[in-house]
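Enquirer: Sequence:
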Amino acid sequence: MKIKIEVSGRHIHLSSNDLNKLFGSDYELQKLRDLSQPGEFACEEKVLLRNGNNEIAVRIIGPARGITQIEISQKDAAELNINPPRRMSGDLRGSAGIKIIGPKDGVDLIKGVILSQRHIHLDKGSAKKLNLSDNQKVDVRVDNQKSYVFKDVLVRVGEKYKPALHIDTDDAVEADIKRGEVTGGTILQ
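Each residue of the sequence shown is one higher than the one before, starting from 209 at the first, in my numbering.
All the pointers check out, no bait thrown in.
Straight-line distance between alpha carbons at most 27 Å, and here's what the computed BS3-like set of lysine-lysine pairs gives: (1) 368 with 212; (2) 359 with 370; (3) 210 with 386.
FYI, nobody ran anything at the bench for these hints, they're computed from the structure.
Using the sequences provided together with the hints, build the complete structure.
Expert: Below, the structure written as C-alpha coordinates:
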(Lines of atoms letter the chains of each structure in order from A and count residues from 1; the text may use other names and numbers.)
(Lines give C-alpha, C1' and ligand atoms only; values in the text may rest on other atoms or scores of the structure.)
Protein backbone atom coordinates (compact mmCIF):
# COMPACT_ATOMS: atom_id res chain seq x y z
CA MET A 1 0.00 0.00 0.00
CA LYS A 2 1.11 3.51 -0.78
CA ILE A 3 1.23 6.03 2.07
CA LYS A 4 1.86 9.75 2.23
CA ILE A 5 5.12 10.77 3.95
CA GLU A 6 5.09 13.93 6.05
CA VAL A 7 8.17 15.63 7.50
CA SER A 8 7.57 16.89 11.02
CA GLY A 9 9.84 19.73 12.09
CA ARG A 10 10.65 20.66 15.68
CA HIS A 11 7.56 21.60 17.65
CA ILE A 12 6.00 21.86 21.09
CA HIS A 13 2.66 20.76 22.52
CA LEU A 14 1.88 22.92 25.56
CA SER A 15 -0.27 22.06 28.55
CA SER A 16 -2.93 24.68 29.38
CA ASN A 17 -1.04 25.52 32.58
CA ASP A 18 2.27 26.12 30.76
CA LEU A 19 0.50 28.04 27.98
CA ASN A 20 -0.95 30.43 30.59
CA LYS A 21 2.47 30.89 32.25
CA LEU A 22 4.24 31.59 28.97
CA PHE A 23 1.59 33.81 27.31
CA GLY A 24 -0.69 35.02 30.11
CA SER A 25 -3.93 33.86 31.66
CA ASP A 26 -6.61 32.48 29.30
CA TYR A 27 -4.42 32.99 26.22
CA GLU A 28 -5.90 31.64 22.97
CA LEU A 29 -3.51 30.17 20.40
CA GLN A 30 -3.74 31.68 16.90
CA LYS A 31 -4.12 29.07 14.14
CA LEU A 32 -1.63 29.37 11.28
CA ARG A 33 -2.83 26.27 9.38
CA ASP A 34 -4.48 22.91 9.93
CA LEU A 35 -2.26 19.83 10.04
CA SER A 36 -3.09 16.49 8.42
CA GLN A 37 -4.18 14.79 11.63
CA PRO A 38 -7.73 15.95 12.48
CA GLY A 39 -7.98 18.61 15.17
CA GLU A 40 -4.28 19.50 15.19
CA PHE A 41 -2.99 22.83 13.90
CA ALA A 42 0.24 24.79 13.61
CA CYS A 43 0.09 28.05 15.56
CA GLU A 44 1.37 31.50 14.76
CA GLU A 45 3.17 31.47 18.12
CA LYS A 46 6.66 30.19 18.78
CA VAL A 47 8.64 29.86 22.01
CA LEU A 48 12.35 29.58 22.71
CA LEU A 49 14.00 26.46 24.11
CA ARG A 50 17.08 27.39 26.12
CA ASN A 51 19.85 25.32 27.68
CA GLY A 52 22.63 27.54 29.03
CA ASN A 53 23.64 29.85 26.17
CA ASN A 54 22.11 27.62 23.50
CA GLU A 55 18.61 28.28 22.21
CA ILE A 56 16.30 27.51 19.31
CA ALA A 57 12.79 28.66 18.41
CA VAL A 58 10.00 26.08 18.11
CA ARG A 59 6.48 26.38 16.74
CA ILE A 60 3.53 25.56 18.98
CA ILE A 61 1.11 22.88 17.83
CA GLY A 62 -2.46 23.23 19.10
CA PRO A 63 -4.71 22.60 20.77
CA ALA A 64 -3.33 22.60 24.33
CA ARG A 65 -2.74 19.14 25.80
CA GLY A 66 -2.71 17.69 29.30
CA ILE A 67 1.11 17.70 29.47
CA THR A 68 3.85 19.68 27.73
CA GLN A 69 5.88 17.72 25.20
CA ILE A 70 8.63 18.89 22.83
CA GLU A 71 9.71 16.96 19.74
CA ILE A 72 13.05 17.89 18.19
CA SER A 73 15.60 16.34 15.83
CA GLN A 74 19.01 14.92 16.73
CA LYS A 75 20.57 17.99 15.10
CA ASP A 76 18.46 20.25 17.36
CA ALA A 77 19.47 18.23 20.42
CA ALA A 78 23.15 18.67 19.56
CA GLU A 79 22.61 22.42 19.10
CA LEU A 80 20.94 22.60 22.54
CA ASN A 81 23.53 20.28 24.09
CA ILE A 82 20.93 17.86 25.48
CA ASN A 83 20.42 14.12 25.06
CA PRO A 84 16.71 13.27 24.79
CA PRO A 85 15.60 9.68 24.14
CA ARG A 86 13.84 8.57 20.94
CA ARG A 87 10.22 7.96 21.92
CA MET A 88 6.68 7.86 20.61
CA SER A 89 4.57 10.90 21.31
CA GLY A 90 3.26 10.72 24.88
CA ASP A 91 6.04 8.44 26.16
CA LEU A 92 8.08 10.87 28.26
CA ARG A 93 9.81 8.44 30.63
CA GLY A 94 13.48 9.33 30.93
CA SER A 95 12.99 12.35 28.66
CA ALA A 96 15.11 15.49 28.84
CA GLY A 97 14.23 18.78 30.47
CA ILE A 98 14.71 22.31 29.15
CA LYS A 99 13.81 25.93 29.84
CA ILE A 100 10.94 27.30 27.73
CA ILE A 101 10.82 31.08 27.21
CA GLY A 102 7.59 32.83 26.23
CA PRO A 103 6.59 36.50 25.95
CA LYS A 104 5.29 36.69 29.56
CA ASP A 105 7.39 34.20 31.52
CA GLY A 106 9.46 31.04 31.40
CA VAL A 107 8.90 27.42 32.41
CA ASP A 108 11.61 25.07 33.65
CA LEU A 109 10.47 21.77 32.17
CA ILE A 110 11.88 18.86 34.19
CA LYS A 111 11.04 16.30 31.49
CA GLY A 112 9.24 16.33 28.16
CA VAL A 113 11.83 16.66 25.37
CA ILE A 114 12.03 13.69 22.99
CA LEU A 115 13.34 12.74 19.58
CA SER A 116 10.20 11.67 17.75
CA GLN A 117 10.14 8.03 16.66
CA ARG A 118 8.98 7.61 13.06
CA HIS A 119 5.47 6.19 12.91
CA ILE A 120 2.47 5.59 10.68
CA HIS A 121 -0.98 6.93 11.54
CA LEU A 122 -3.82 4.72 10.28
CA ASP A 123 -7.55 4.87 10.80
CA LYS A 124 -9.19 1.56 11.75
CA GLY A 125 -10.58 0.95 8.26
CA SER A 126 -7.21 1.39 6.56
CA ALA A 127 -5.49 -0.76 9.19
CA LYS A 128 -8.03 -3.55 8.68
CA LYS A 129 -7.69 -3.37 4.89
CA LEU A 130 -3.90 -3.64 5.23
CA ASN A 131 -4.10 -6.33 7.92
CA LEU A 132 -2.04 -4.12 10.25
CA SER A 133 -2.55 -3.59 13.97
CA ASP A 134 -1.68 -0.97 16.56
CA ASN A 135 1.97 -1.16 17.72
CA GLN A 136 2.98 -3.45 14.84
CA LYS A 137 6.28 -2.62 13.11
CA VAL A 138 6.68 -2.43 9.34
CA ASP A 139 9.25 -1.23 6.83
CA VAL A 140 8.44 1.58 4.38
CA ARG A 141 10.24 2.14 1.07
CA VAL A 142 10.35 5.78 -0.04
CA ASP A 143 9.04 6.16 -3.57
CA ASN A 144 11.73 8.52 -4.88
CA GLN A 145 15.04 8.27 -6.75
CA LYS A 146 16.85 7.03 -3.65
CA SER A 147 14.27 4.33 -2.71
CA TYR A 148 15.41 4.56 0.91
CA VAL A 149 13.81 2.06 3.34
CA PHE A 150 12.72 3.09 6.83
CA LYS A 151 13.02 0.02 9.07
CA ASP A 152 10.83 -0.86 12.07
CA VAL A 153 8.25 1.90 11.64
CA LEU A 154 5.62 1.74 14.39
CA VAL A 155 1.97 1.59 13.32
CA ARG A 156 -0.49 3.68 15.35
CA VAL A 157 -4.17 2.96 14.79
CA GLY A 158 -6.85 5.39 15.92
CA GLU A 159 -10.44 6.35 15.16
CA LYS A 160 -9.66 9.80 13.78
CA TYR A 161 -6.23 9.27 12.22
CA LYS A 162 -5.56 10.01 8.56
CA PRO A 163 -3.08 7.63 6.88
CA ALA A 164 0.41 9.17 6.90
CA LEU A 165 3.99 8.27 7.79
CA HIS A 166 5.55 10.90 10.07
CA ILE A 167 9.32 11.32 10.00
CA ASP A 168 11.57 13.99 11.50
CA THR A 169 13.91 16.31 9.60
CA ASP A 170 16.93 14.04 10.18
CA ASP A 171 15.05 11.12 8.55
CA ALA A 172 14.06 13.41 5.66
CA VAL A 173 17.69 14.32 4.97
CA GLU A 174 18.71 10.65 5.11
CA ALA A 175 15.98 9.66 2.62
CA ASP A 176 16.50 12.71 0.38
CA ILE A 177 13.04 14.14 1.04
CA LYS A 178 12.72 17.91 0.87
CA ARG A 179 10.58 19.72 3.46
CA GLY A 180 7.18 20.55 1.95
CA GLU A 181 7.67 18.01 -0.84
CA VAL A 182 4.72 15.67 -1.41
CA THR A 183 6.28 12.24 -1.21
CA GLY A 184 4.89 8.76 -0.82
CA GLY A 185 6.11 5.43 0.35
CA THR A 186 5.19 1.77 0.07
CA ILE A 187 4.51 -0.26 3.21
CA LEU A 188 6.47 -3.52 3.06
CA GLN A 189 5.30 -6.50 5.07
